[in-house]
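Protein chains: 2
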Amino acid sequence: MFEIEKCCPQSKARAGRILTPHGEVPTPVFLPVGSKGPVKTLTPEEVREIGLSMVLANAYWLYLQPGMEVIQNMGGIHRFTSWEGPILTDSGGYQIFSLSRLSRVNDEGVVFRSPIDGSKHLFTPEFSVEFQEELGADIIVALDECPASFAPDEVRRAVDRTSQWAKRCCEIHKRGEIYGIMQGGLSLELREMSALKLRELPFDGYAIGGLCLGETREEMLSVVERAANFLPSERPRHLMGVGSPEDIVKGVSLGIDIFDSALPTRVARNGSLFTMKGRRNIKNSCFRFCNQPIDPGCDCYTCCHFSAAFLHHLFKCRETLGLRLATIHNLRFIARLTEKIRTSILDDSFSSFKEEFLSSYHPTDEAIRLSQRRRWLSQAGAKMLND
Amino acid sequence: MFEIEKCCPQSKARAGRILTPHGEVPTPVFLPVGSKGPVKTLTPEEVREIGLSMVLANAYWLYLQPGMEVIQNMGGIHRFTSWEGPILTDSGGYQIFSLSRLSRVNDEGVVFRSPIDGSKHLFTPEFSVEFQEELGADIIVALDECPASFAPDEVRRAVDRTSQWAKRCCEIHKRGEIYGIMQGGLSLELREMSALKLRELPFDGYAIGGLCLGETREEMLSVVERAANFLPSERPRHLMGVGSPEDIVKGVSLGIDIFDSALPTRVARNGSLFTMKGRRNIKNSCFRFCNQPIDPGCDCYTCCHFSAAFLHHLFKCRETLGLRLATIHNLRFIARLTEKIRTSILDDSFSSFKEEFLSSYHPTDEAIRLSQRRRWLSQAGAKMLND
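Protein sequence lines correspond, in order, to chains S and F. Sequential numbering from 1 applies to the first sequence in our numbering. Sequential numbering from 1 applies to the second sequence in our numbering.
In short, the hints are calculated from the structure, not lab data. Source: prediction; values computed, not measured.
Below, a list of computed lysine-lysine pairs in the DSSO-like style, where the Cα atoms sit at most 27 Å apart:
#1 354(S) to 6(S)
#2 120(F) to 283(S)
#3 316(S) to 120(F)
#4 120(F) to 167(F)
#5 316(F) to 283(F)
#6 316(F) to 120(S)
#7 197(S) to 167(S)
#8 120(S) to 283(F)
One side only, chain S facing chain F, incomplete, derived with CB under 10 Å:
#9 36
#10 81
#11 319
Every residue, glycine too, gets a C-beta built ideally from N, C-alpha and C.
Chain S with its partners taken away, still in its complex shape:
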């Protein structure tokens, strides 16, 4: 149930709507990550007030904790978390394969050990779909094999297996919508092959997976550009794991409708706050006496109520309220950004909006970004527990 309202004449950008049983989602849209239920530090009410319409939950984490029995007993993920809007669940392929305690993958499925207690579990494509449906998600994602590197053989094998699993997911799928997930690493040939296989199946949308694994931003965007072209234009395209302001703007221009990422909330908890000129670290001593909001043009709860000096103080003395106020600010920044993108597509000004935004917004230095990302990935097993 995806309607395209308007396409940008100068780029692949489009504005649309996804209709779900829990409400309408205007696109382009960013989904905040509520891996284990809540978006970290926030109540569902705050997420709604920020202007975010759909949340991404993670089937892998919810399966491990609190487990299906608990959520079933509560009548599903919506009632359990008190979030009344649409929910998309990620199958957790990325998490299974990026956690190091993976035991074995074969055609049947993947056996892995819980990073929480070391217990052994099997996810098959069928189980993944059934589990996500039982959670009561509005949109579910097929189980994929997400290779941990760009080694050609590994990527090729992952494309094959992901295609076979996609078929099995579609066969067992009964309820709500299901998105297929494309693999293929940095190879355009494999991306195309993956897309062709997925297009044979009745998916309601398509996710682009297997990126943000330590490649450069240019590599990532160049793959997204081609990958999006391989996918049908009448279905929503979801770029998984992407969430920096600059990547969202560029991704939209390449035809992406849905983004999700823990980046805005994770960097917020480190004190890194979005402004129209780029990220600012609130712990920097230049904010000690700043009695203005961190971003004077921002309409978020944090900027409307608190000075940068107060936020600086909270981070300096490690008050957890600071984590929340920073999270609210960054998510509102992203929500406003996607609202502005959408409005500009609808009124035919996206190209100039994009140009203007990218000329004033200074992204994090690529070398720093890459080294942070790679360090984060290398510690993924432990880090994932916090993300």
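Please build the complex by placing chain F on the supplied structure of chain S, with the hints as guidance.
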């Protein structure tokens, strides 16, 4: 500016009002602790919605972080923290003397080292008053010497010095209201001497300090009973550091009007939640499948929106949202308790309310409470940084 509206005929309990430049405070009242500005995990808006009218901030902590310059630059503590209601600042005598890096106390004042960076500072009674006035607090508390033990010589010396300091505090005091603080440990003779000295001075209210230092609950209450009698009945009486539900109910019956304590918020962050029957630990596996609120009779935000099973899940996977939801619940429990106490005094039913409450509420086992308290005190230097 304290008006007594009604006195209980069967006990020393009374209902009244404290008038401040930032609004009226109905008593008996509990002040949540916002040592470094915010009540831990909460926005000012949440504190107000919980029904708490006055907040306690700590001059000692605010002096160390962010320091006077920052707060002055923001136009005072109210604008800095965005809390628009009344604020009482504690001088921080308790913190100075319970932190182990204390250097030296003499008649002039106390020299201490910051537990944050080891830097050396001097607090004199005059400085303490001026600093609290510059913060813009509605009510300030005189600087006291709070002995770290009940050793008779130490307590006697502290009473003498606290009396001398009280005089100097009154002399320099210019703005708002100032409360004197009584010492005397567990000695009734010294408590009386302390009270007599304070009563000679034009204090607007009186705080009872030097308790909650590892004595038993019976010792504490028996001192409070006599100490309250030594203080003038027409002024508010503040029992510092007391905040368990059972101690509040008993304290009111002994003539206490104001309570403050980090206990409700600290135990909340450990998962210990108040119910009408006593504390419950949300991490207990009995809550795993509990699809009722933690306290079905509670009207707090947490109980109105979330099941005990969801809170249990948040604590199990260490989501910081859990700390906030638990804090909201415990503070609302205390706010409702003081509201009920006040109503019962006004309609002449306090004695039966007290009896009923104490017969259904099972306090934490005294032996466990004492050992926890003593362990906490012995680690005070490190712990204080988190409280």
